[in-house]
Amino acid sequence: MPLDANSEQTDDTLLALFANGDRGAARLLTVRLTPRVLSLAQRMLGDRAEAEDVAQEAMLRLWKIAPDWRPGEAQVSTWLYRVASNLCTDRLRRRRSVGLDEAFGEGNEPEDFSPGVVRRMQDAERAAALKAALAQLPDRQRQAVVLRHLEGLSNPGIAEVMEIGVEAVESLIARGKRALASRLSGRRAELGLSDDT
Amino acid sequence: MTPEFDKTMDHDLEAFFQAARDESPDPSADLMARILADAYDVQDQHTAETILTAADPVVTTAPRGVMASILRAIGGWPALAGLATATVAGVWIGYNPPAVFDTLTLDLLDSSYGISMGSVYTDTEFLLTEG
Chain P
1 MPLDANSEQT
11 DDTLLALFAN
21 GDRGAARLLT
31 VRLTPRVLSL
41 AQRMLGDRAE
51 AEDVAQEAML
61 RLWKIAPDWR
71 PGEAQVSTWL
81 YRVASNLCTD
91 RLRRRRSVGL
101 DEAFGEGNEP
111 EDFSPGVVRR
121 MQDAERAAAL
131 KAALAQLPDR
141 QRQAVVLRHL
151 EGLSNPGIAE
161 VMEIGVEAVE
171 SLIARGKRAL
181 ASRLSGRRAE
191 LGLSDDT
Chain B
1 MTPEFDKTMD
11 HDLEAFFQAA
21 RDESPDPSAD
31 LMARILADAY
41 DVQDQHTAET
51 ILTAADPVVT
61 TAPRGVMASI
71 LRAIGGWPAL
81 AGLATATVAG
91 VWIGYNPPAV
101 FDTLTLDLLD
111 SSYGISMGSV
121 YTDTEFLLTE
131 G
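Protein chains in written order, with this note's numbering: chain P, 1 to 197; chain B, 1 to 131.
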């Protein structure tokens, strides 16, 4: 069956097909899910190479659980976010003795200066500033903020991923955002944020 | 924290979040290839395990152990049944031989050895006497 013909199928269906040896389902799930899990890992870890390792490991666990997957019990994407989050948390814990600056690096410098260079530079600087501020948050706050504001999950969805209540999620996000605002407030003008922005 | 402060904070943070969302990383071709290779490996492994599991009942239902080996060596249950029948028949014939065997035995002993069993018992009878 052509790959495009499967694009309307749910993750559950594709996972069942995968378990039956369907190569097309393997390709489609890889294309569909890898960017999401990589994005989460990169935002939590701030390191591309480590994020790729986490993405590969999380996807491998998905492949292995496919034959035992029970459709309808949980969303594949939620399960995958949970696995990736836990893998990231493990790595962040191992980093503790290394030190935050070394662990998270200096941030990515923009490499492409195509049209709109000022705006792009500003965006890149904002993203780098956010990354540095996120790196200083406690793991759970960072996880909740990333899932809510960068990955676009709902609070109940995050609660499922983090295996906590919705109120706890709201609390983590609120505390995380206050901490971020506090750390970023000194750079508002530098990063093009004024009262009339 | 005043509502005004929260509003400003949300506004500022959203600018940072938006910048970060726009930077969403695209997976490299190498990463996609590695993940897909893992997927195919797991599929192949699962298929092999399924085939082995399907073939397994023949192995698992076969009897095991020393007795099973002996049973296989003599040809299985039918052979064992035949052996048991022959054994029981042998014991029964020894305990209660058919009359035709008496004639046959006497004929053979008389003609081959010519020994009178009665004389042997007479000579040794004193050994069994008490006193």
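It is worth saying that the hints were derived from the structure and are not from the lab. Here a beta-carbon is modelled for each residue, glycine too, at the ideal position from N, C-alpha and C. Heads up, some of the hints might be wrong.
[Stated by the list, open to error] From chain P, some residues computed to sit far from chain B (all C-beta separations above 10 Å):
no., residue
1, Gln-9
2, Thr-10
3, Arg-27
4, Pro-35
5, Glu-52
6, Ala-66
7, Pro-67
8, Pro-71
9, Asp-123
10, Ala-124
11, Arg-126
12, Pro-138
13, Glu-163
14, Gly-165
15, Ser-171
[What the hints assert, rightly or not] Simulated restraints on C-beta separations:
no., chain 1, residue 1, chain 2, residue 2, range
16, P, Pro-138, B, Tyr-40, 36 to 42 Å
17, B, Ser-69, P, Gln-75, 38 to 44 Å
18, B, Asp-30, P, Thr-78, 23 to 29 Å
19, P, Pro-71, B, Ala-37, 52 to 58 Å
20, B, Arg-72, P, Glu-73, 25 to 31 Å
21, P, Ile-65, B, His-11, 39 to 45 Å
22, B, Gln-45, P, Gln-136, 39 to 45 Å
23, B, Lys-7, P, Met-121, 24 to 30 Å
24, B, Asp-6, P, Met-121, 28 to 34 Å
25, B, Ala-37, P, Gln-75, 39 to 45 Å
Here is what the structure says about each hint:
1. Gln-9: holds, 16 Å
2. Thr-10: holds, 18 Å
3. Arg-27: violated, 6 Å
4. Pro-35: Check fails; 6 Å does not lie beyond 10 Å.
5. Glu-52: violated, 5 Å
6. Ala-66: Violated, because the least Cβ-Cβ distance between P/Ala-66 and chain B comes to about 8 Å, which does not exceed 10 Å.
7. Pro-67: violated, 6 Å
8. Pro-71: It holds; P/Pro-71 is separated from chain B by about 18 Å at its closest Cβ, greater than 10 Å.
9. Asp-123: Given a closest Cβ separation of 4 Å, the condition is violated.
10. Ala-124: Violated, because the least Cβ-Cβ distance between P/Ala-124 and chain B comes to about 7 Å, which does not exceed 10 Å.
11. Arg-126: Label violated. Min Cβ-Cβ 4 Å, cutoff 10 Å.
12. Pro-138: At about 17 Å from chain B, P/Pro-138 clears the 10 Å cut-off, so the statement holds.
13. Glu-163: Given that every Cβ of chain B is farther than 10 Å from that of P/Glu-163, nearest at about 24 Å, it holds.
14. Gly-165: Answer for P/Gly-165: holds, closest chain B Cβ roughly 23 Å.
15. Ser-171: Holds: least Cβ distance 14 Å, greater than 10 Å.
16. P/Pro-138 x B/Tyr-40: 36 to 42 Å: holds, 39 Å
17. B/Ser-69 x P/Gln-75: 38 to 44 Å: At 54 Å between Cβs, range violated.
18. B/Asp-30 x P/Thr-78: 23 to 29 Å: Cβ of B/Asp-30 to Cβ of P/Thr-78: about 27 Å, so the range 23 to 29 Å holds.
19. P/Pro-71 x B/Ala-37: 52 to 58 Å: violated, 26 Å
20. B/Arg-72 x P/Glu-73: 25 to 31 Å: Since B/Arg-72 and P/Glu-73 have Cβ atoms about 47 Å apart, the given range 25 to 31 Å is violated.
21. P/Ile-65 x B/His-11: 39 to 45 Å: holds, 42 Å
22. B/Gln-45 x P/Gln-136: 39 to 45 Å: The hint (39 to 45 Å, Cβ to Cβ) holds, given that B/Gln-45 and P/Gln-136 are roughly 42 Å apart.
23. B/Lys-7 x P/Met-121: 24 to 30 Å: holds, 27 Å
24. B/Asp-6 x P/Met-121: 28 to 34 Å: Check passed, 29 Å falls within 28 to 34 Å.
25. B/Ala-37 x P/Gln-75: 39 to 45 Å: violated, 26 Å
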